[in-house]
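Take the sequences, apply the hints, and build the full model.
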Amino acid sequence: MPHSSRTKRPTTTKRTSVTDTDGWTHVTNGGNVRRVMRRQKSELEPVLAPAEAPGRLTLSDLQTQFQTHHARWEGSESWNKVTEVMSKRLKQRSQTAPVDAIVCIGLGSPSGFLRDGWVDRRAVSLYQLAALVSIKDQVESHSTAPIKVYAQDPVFNTLDESLLKGMNITVVNHPEGFSHITENSMLFCPGAERQHLELLLPSKPWLLFGGPLEHADAGSVLQSYVQDTESYCVPPFEALEHAFWNMRLYWIGEKGVDE
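Numbering (numbering that gives the first Met the number 0), first residue to last: 0 to 258.
Everything labelled a hint here was simulated from the structure, so no lab data went into it.
Hints are supplied without guarantee of correctness; some may be wrong.
Calculated pairs, SDA-like style, for lysine to any residue (alpha carbon to alpha carbon, straight line, at most 20 Å) [what the hints assert, rightly or not]: (1) LYS164 to LEU61; (2) LYS147 to HIS173; (3) LYS87 to THR143.
Restraint ranges, calculated between C-beta atoms of paired labels, are given here [claimed, not checked]: (4) PRO234 to ASP136: 15 to 21 Å; (5) GLN222 to ARG55: 42 to 48 Å; (6) THR143 to SER219: 34 to 40 Å; (7) SER178 to ASP136: 22 to 28 Å.
Being a predicted model, the structure only gives us computed values, none of them experimental.
Ideal placement from N, C-alpha and C gives every residue a C-beta, glycine not left out.
This is the structure:
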């Protein structure tokens, strides 16, 4: 019986990266994904890739978009109220241990769509970035030295990184951002996952913008942080309400009520 001379191609197995709830990445073949997930005893999430920016979008276009969003944010009642509260706290703090760094976790991509999804968060990310830059400027106005600002998010693409670099914001990879959180820093986390907050908040950052954290489980790291802080709820932002929905500014100090 004749035999074919055609060489069989070796079977290829698709490799998949999955990330567990502790932030560790595991590379495995498709058939082993379920076994990895069972072994971790938790629901694993696919590794996030850089967001895809529209093909014709340039850095100049993105900078123009940011300036428009920044102007709307700084002209809003939301920022006017937040800046009043922050100014009072920063003035008090500058007499003891001024803020020396701001760490941004989970900003999202100001330029691109998330892959394999229909979510367009670009406007949300641009408004949140506008808030970060406004806060950075205000913190620096109460300091004698420039403030170091770090941003960490796996969905940042090259356009996002160029935009942030132009604002003197250093993009870092996971988990480097976590190491910059101290008692003298500010954590800016409008889009951080709960699992990340549980790793970040034990460092007791003096200021935090994000949340809300008030409905955390009893005895949790989040509840412990809330018990040590006072807070102020960000007023509704009319231009895009869900960009800061129910978010708060938290600071560690004497217990009190919202202003």
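Against the structure shown, which of the earlier numbered hints fail to hold, in ascending order? As far as the earlier hints go, not one is violated by this structure.
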